[in-house]
Amino acid sequence: MRKLLLLSCVAATALFASGAAFANDDLITLQKDAKNWAQPAGNYNNQRYSALSQITNKNVKDLVPAWSFSTGVLRGHEGGPLVIGDVMYFSTPFPNIVYALDLNNDGKILWKYEPKQDPSVIPVMCCDTVNRGVAYGDGKIFLHQADTTLVALDAKTGAPLWQVKDGDPSKGSTGTSAPLVVKDKVLIGVSGGEFGVRGWVSAYNIADGKLAWRGYSMGPDADTLIDPEKTTALGKPVGENSSTSTWEGDQWKIGGGATWGWISYDPELNLVYYGSGNPSTWNPVQRPGDNKWSMSIWARNADTGAVKWIYQMTPHDQWDYDGINEMVLQNQGSKKVLVHFDRNGYGYTLDRVTGELLVAEKYDPAVNWSTKIDLDKSSKNYGRPEVVAKYAPGSAGEDVNYKGICPAALGSKDEQPSAYSPITELNYVPTNHVCMDYEPFRVSYTAGQPYVGATLSMYPPPGQTNMGNFIAWDAKTGKIVWSDKEQFSAWSGALATAGNVVFYGTLEGYLKAVDAKTGEELWKYKTPSGIIGNVNAYEHDGKEYVAVLSGVGGWAGIGLAAGLTDPTAGLGAVGGYAALSNYTALGGTLTVFALHK
Amino acid sequence: MHLSSLARALCAATLFSCAGAAMAEAPGDPTAVKQDDLGKWTDAKGDPTYKIEPDGNLDWFAYSGFRRYHSECHVCHGPDAEGSSYAPALKNSLKTMSYAEFVGTVVAGRQNVTTSQTNVMPAFGDNKNVMCYLDDIYVYIRGRSTGAIPRGRPAGRVDKTDKATASEKECLGLDK
Numbered sequence: 009m010r011k012l013l014l015l016s017c018v019a020a021t022a023l024f025a026s027g028a029a030f031a032n033d034d035l036i037t038l039q040k041d042a043k044n045w046a047q048p049a050g051n052y053n054n055q056r057y058s059a060l061s062q063i064t065n066k067n068v069k070d071l072v073p074a075w076s077f078s079t080g081v082l083r084g085h086e087g088g089p090l091v092i093g094d095v096m097y098f099s100t101p102f103p104n105i106v107y108a109l110d111l112n113n114d115g116k117i118l119w120k121y122e123p124k125q126d127p128s129v130i131p132v133m134c135c136d137t138v139n140r141g142v143a144y145g146d147g148k149i150f151l152h153q154a155d156t157t158l159v160a161l162d163a164k165t166g167a168p169l170w171q172v173k174d175g176d177p178s179k180g181s182t183g184t185s186a187p188l189v190v191k192d193k194v195l196i197g198v199s200g201g202e203f204g205v206r207g208w209v210s211a212y213n214i215a216d217g218k219l220a221w222r223g224y225s226m227g228p229d230a231d232t233l234i235d236p237e238k239t240t241a242l243g244k245p246v247g248e249n250s251s252t253s254t255w256e257g258d259q260w261k262i263g264g265g266a267t268w269g270w271i272s273y274d275p276e277l278n279l280v281y282y283g284s285g286n287p288s289t290w291n292p293v294q295r296p297g298d299n300k301w302s303m304s305i306w307a308r309n310a311d312t313g314a315v316k317w318i319y320q321m322t323p324h325d326q327w328d329y330d331g332i333n334e335m336v337l338q339n340q341g342s343k344k345v346l347v348h349f350d351r352n353g354y355g356y357t358l359d360r361v362t363g364e365l366l367v368a369e370k371y372d373p374a375v376n377w378s379t380k381i382d383l384d385k386s387s388k389n390y391g392r393p394e395v396v397a398k399y400a401p402g403s404a405g406e407d408v409n410y411k412g413i414c415p416a417a418l419g420s421k422d423e424q425p426s427a428y429s430p431i432t433e434l435n436y437v438p439t440n441h442v443c444m445d446y447e448p449f450r451v452s453y454t455a456g457q458p459y460v461g462a463t464l465s466m467y468p469p470p471g472q473t474n475m476g477n478f479i480a481w482d483a484k485t486g487k488i489v490w491s492d493k494e495q496f497s498a499w500s501g502a503l504a505t506a507g508n509v510v511f512y513g514t515l516e517g518y519l520k521a522v523d524a525k526t527g528e529e530l531w532k533y534k535t536p537s538g539i540i541g542n543v544n545a546y547e548h549d550g551k552e553y554v555a556v557l558s559g560v561g562g563w564a565g566i567g568l569a570a571g572l573t574d575p576t577a578g579l580g581a582v583g584g585y586a587a588l589s590n591y592t593a594l595g596g597t598l599t600v601f602a603l604h605k
Numbered sequence: 019m020h021l022s023s024l025a026r027a028l029c030a031a032t033l034f035s036c037a038g039a040a041m042a043e044a045p046g047d048p049t050a051v052k053q054d055d056l057g058k059w060t061d062a063k064g065d066p067t068y069k070i071e072p073d074g075n076l077d078w079f080a081y082s083g084f085r086r087y088h089s090e091c092h093v094c095h096g097p098d099a100e101g102s103s104y105a106p107a108l109k110n111s112l113k114t115m116s117y118a119e120f121v122g123t124v125v126a127g128r129q130n131v132t133t134s135q136t137n138v139m140p141a142f143g144d145n146k147n148v149m150c151y152l153d154d155i156y157v158y159i160r161g162r163s164t165g166a167i168p169r170g171r172p173a174g175r176v177d178k179t180d181k182a183t184a185s186e187k188e189c190l191g192l193d194k
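If you read the sequences in order, they're chains G and U.
For the working numbering, add 8 to where a residue sits in the first sequence, where the first one is 1.
For the working numbering, add 18 to where a residue sits in the second sequence, where the first one is 1.
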């Protein structure tokens with residue numbers, strides 16, 4: 009086993025070494041060393057995999073808390089810490105405090121940075137005041153604040169070096185996503201799909217904060233950086249005005265397509281990958297057309313933002329199935345693929361060089377809004393979902409309640425990122441197992457105000473009580489290998505390690521370790537609050553540690569805090585599903601675990 | 019556009035005239051005693067209220083309030099006015115909040131930002147999706163606060179009157 013590990017480490021090293029000449033050398037070197045957790049997702053390929061192997065499926069039962077740290081902030085803690093050498097960095101929900109902790113001194117605070125922000129941004133954040141972490145590059149820590157300010161801090165002192173405002177919260181734009189440093193640039197997306205924001209991704213020069221490029225999710229080709237001839241969708245050039253031709257009039261200007269998820273990067277191809285979110289509003293009747301390029305997977309040139317290829321997963325969204333979930337870059341033999349677990353319940357495998365669609369299968373058997381994705385290249389519906397009308401809000405007009413749709417708007421998975429182990433060649437996916445009723449109705453647009461237009465009620469699939477599953481997935485065949493039930497949605501980012509252990513957190517607050525091959529639960533520990541943060545691993549002084557932020561909130565804190573209703577129990581009665589508030593209360597804490605000696 | 023300004027002015031006037039008299043006063047008996055020509059019910063004090071018909075059907079405005087609440091309010095205040103991890107359960111708030119206070123809070127918002135809390139309610143005064151349905155949302159939450167309206171989607175409702183439709187369109191500034 010050790011040999012195999014070594015081999016996979018060497019392979020990973022080789023992959024990054026080839027990109028080193030182009031990319032930010034410092035960062036590439038740091039992420040090659042498994043002792044660090046140098047990127048929000050561990051490394052550029054978003055695998056959330058650690059090559060560390062001290063903690064194994066054999067000894068993980070001896071894992072104990074080593075130290076913990078209160079963040080001083082109550083609301084939902086998504087994201088997770090970075091570890092660069094002897095220092096750990098992480099950010100909190102609003103007010104977006106950044107801490108640098110000294111790992112040589114039990115987490116003593118080296119510096120703390122707290123930005124001054126107008127609290128009026130708070131209610132413009134659709135689903136709690138989350139922040140998904142900071143990024144490191146070129147001796148700087150980059151923070152993407154709630155008010156969309158991107159600030160570069162001196163990693164040694166916390167002193168702000170430059171800052172730039174990326175959007176306008178008074179018009180509904182907010183910042184929640186983790187930045188990604190690529191070469192000499194730092195990339196950020198924007199939140200605000202529920203406020204009629206037209207989404208974009210910006211790249212700023214890390215040296216001075218000057219805007220290098222910005223690519224919108226919709227609008228004229230000059231705004232999206234789509235080339236009618238060179239940009240392809242499923243192998244064919246997209247043609248002129250591929251976005252604006254799929255909207256009625258000027259609706260694309262408030263069309264959504266926010267970009268609040270995770271960004272990944274392939275140094276060899278020099279492409280960045282990410283997804284765009286739901287079109288605005290949630291009432292599909294108000295926005296006829298495919299609403300491109302909402303709900304799409306994007307491959308952009310990291311230097312220019314030019315779009316190499318694009319694929320729209322859910323044309324004319326009728327469910328709020330944001331396409332923002334992470335793009336995991338992995339290899340199948342010599343084939344470079346991209347694996348994506350979409351909110352719409354399909355696990356996609358694409359050739360990440362060309363954008364060709366290889367696999368699209370349901371990763372939760374409950375998914376019913378669509379029967380399949382059409383993979384027949386000769387079909388005029390190639391790449392499109394086959395939609396079931398009765399589960400498609402708006403198909404019979406607005407002001408109609410569409411019942412029993414699975415998954416619910418929070419998707420079979422939301423932002424909580426999955427993990428991939430190159431040893432087992434399996435993806436590990438924290439999922440939601442929730443269905444909904446959805447009634448769309450007319451709304452009017454006011455800048456900076458919610459632009460939703462639907463009423464939803466959510467509940468577990470009929471006859472079931474578990475609202476989540478943690479699954480292992482084979483991306484080659486598109487099949488579930490094993491599945492562990494969770495009482496609540498599994499809303500924490502997973503970690504796979506070379507010790508054949510997979511970690512994830514639960515909404516009740518457990519950090520769990522399961523066997524990478526079988527899914528058998530090996531260990532669990534109840535942290536102070538529900539976990540919606542992401543688990544990471546690092547090594548310090550020769551010892552492997554596992555770290556996670558607890559602090560319940562986010563969309564999970566809205567939909568589940570009060571418990572869900574069961575419409576099948578009759579006349580709107582409350583079902584037998586215990587409220588999350590019976591298990592956990594607010595409060596941000598970092599807990600770090602190590603093997604008990 | 020001048021219609022929406024008018025609606026806003028009317029809302030502000032309502033707030034002003036009621037605020038002095040009824041601030042910090044719990045809502046009274048929710049029993050519906052009077053119905054206007056739109057179909058909207060009021061209680062003995064003249065405050066908007068819900069009405070549940072003998073067959074269990076909810077009045078149109080409370081039903082409409084259910085829909086609008088779950089579009090505009092629930093992302094903070096949780097499903098069925100049950101609260102979330104960071105915003106209060108309005109089914110409880112309304113037990114000690116007068117109609118005028120409710121209107122004032124929705125129109126102007128409120129902030130509770132301290133060293134330990136960062137709770138901010140936005141001002142919805144400019145938002146027609148809220149202001150045109152303010153009474154609807156109020157009577158829905160009022161029904162939740164008394165327990166008269168259970169959790170989940172109302173099982174049945176009284177149809178919307180033509181006058182209510184016309185009034186809604188006028189408020190939203192929609193044609194015909």
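Please note that the accuracy of each hint is not assured.
To be verified - Cut-off 25 Å, straight-line C-alpha distance, at most; resulting in silico cross-link-like pairs (SDA-like, lysine to any residue): (1) G/Lys411 x U/Pro168; (2) G/Lys179 x U/Asp55; (3) G/Lys398 x U/Leu192; (4) U/Lys187 x G/Lys116; (5) G/Lys116 x G/Lys173; (6) G/Lys179 x U/Ala173; (7) U/Lys113 x G/Ile262; (8) U/Lys187 x G/Ile262; (9) G/Lys120 x U/Gly143; (10) U/Lys187 x G/Val408; (11) U/Lys187 x G/Pro296; (12) U/Lys187 x G/Arg450; (13) G/Lys124 x U/Ala44; (14) G/Lys124 x U/Gln129; (15) G/Lys179 x U/Leu192; (16) G/Lys411 x U/Asp177; (17) U/Lys178 x G/Asp445; (18) U/Lys181 x U/Arg169; (19) G/Lys173 x U/Asn137; (20) G/Lys179 x U/Ala141; (21) G/Lys411 x U/Gly57; (22) G/Lys116 x U/Thr133; (23) U/Lys178 x G/Ile488; (24) U/Lys187 x G/Asp407; (25) G/Lys116 x G/Lys66; (26) G/Lys173 x U/Ala173; (27) G/Lys173 x U/Met139; (28) U/Lys178 x G/Pro168; (29) G/Lys411 x U/Ala173; (30) G/Lys179 x U/Asn75; (31) U/Lys63 x U/Asn75; (32) G/Lys385 x G/Ala404; (33) G/Lys411 x U/Lys178; (34) U/Lys178 x G/Asp407; (35) G/Lys261 x U/Thr133.
Since the hints were made in silico from the structure, they are not lab data.
Report the numbers of all earlier hints that the structure fails to satisfy, in ascending order.
-> 2, 3, 4, 5, 6, 7, 9, 13, 18, 21, 23, 25, 26, 28, 30, 32, 35
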